[in-house]
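K.L.:
Protein chains in written order, with this note's numbering: chain Y, 1 to 83; chain F, 1001 to 1123.
Rather than coming from a laboratory, the hints here were simulated on the basis of the structure.
Quick caveat, the model's predicted, so the values are computed rather than measured.
For each residue, glycine too, the CB sits at the ideal point set by N, CA and C.
Take these hints with a grain of salt, some might be off.
Stated by the list, open to error - Pairwise CB distance ranges, derived in the manner of DEER restraints:
hint: 1; chain 1: Y; residue 1: K81; chain 2: F; residue 2: I1042; range: 33 to 39 Å
hint: 2; chain 1: Y; residue 1: V51; chain 2: F; residue 2: I1045; range: 16 to 22 Å
hint: 3; chain 1: F; residue 1: P1062; chain 2: Y; residue 2: L19; range: 26 to 32 Å
hint: 4; chain 1: Y; residue 1: R77; chain 2: F; residue 2: L1061; range: 33 to 39 Å
To be verified - To be clear about the criterion: a stretch of chain Y counts as covered by chain F if any three or more of its residues have a C-beta under 8 Å from a C-beta of chain F, and this derived list gives those stretches:
hint: 5; segment: 17-23
hint: 6; segment: 37-46
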Amino acid sequence: MATGADQAVGMGLVGFSILLFTYYTIWVIILPFVDSDHVAHQYFLQREYSVILPGIAALILLLSVGTFIGVVTWKNRKPKKVD
Amino acid sequence: MILCGYNYIVLVKHQFTLGIRALKFPIILIDMTKLLEWVFGISVIGAALALVTFDLLDMRLPEACREVARPMPVYLLLVFGCYSLTLVAYGVATFNDCEEESKELQAQIKEAKEDMGKNVLKK
């Protein structure tokens, strides 16, 4: 079994993604069928944000991946040999 | 699975063989591959989503159903992302570390280095 930090990080990520899935499922699928004066509605943002926020998150993810690749490529560039 | 066109019939073979009777239309046989299964499944889901989102059949569904169907592509993508994250994180957490084998390997590497050093000196 993996020890220490590996296990903590792994289980933390599992918990985070289960939480995210549950919150988003309730937001998108269950809330429209709940009466608008129910107390649960105050824990969730407006429905428009349920599309905008994942879009922004995906954009940030793509930017981070692209920046990382750019930085690593820039660091590993070798000067051309002069024959 | 049978798809009918205007002048042909496409039969997709499943695990059992079908008895083919003489028909007026020419019959084309295709193997049911995994790709075909996935394409079929995705197009069924996509068609159902499009039907509800754009109201193609004028079904006049309740407003709540249309509200659920609108963010569906984003929702499916997020579910897929969460699922893969869970699988990867669970693999990280339950990775088999093999402490003893690691120590044995380190000892063998040290031994090999010493052996190499000795050989060079002898020459």
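K.L.:
Please go over all the hints and tell whether each is borne out by the structure.
P.N.:
So, going through the hints one by one against the coordinates:
1. Y/K81 x F/I1042: 33 to 39 Å: 50 Å, violated
2. Y/V51 x F/I1045: 16 to 22 Å: 19 Å, holds
3. F/P1062 x Y/L19: 26 to 32 Å: 30 Å, holds
4. Y/R77 x F/L1061: 33 to 39 Å: Once the Cβ atoms are compared, 57 Å apart, the range 33 to 39 Å for F/L1061 and Y/R77 is violated.
5. 17-23: holds (count 4)
6. 37-46: violated (count 0)
When the structure is compared with the earlier hints, violations turn up for hints 1, 4 and 6 and for no others.
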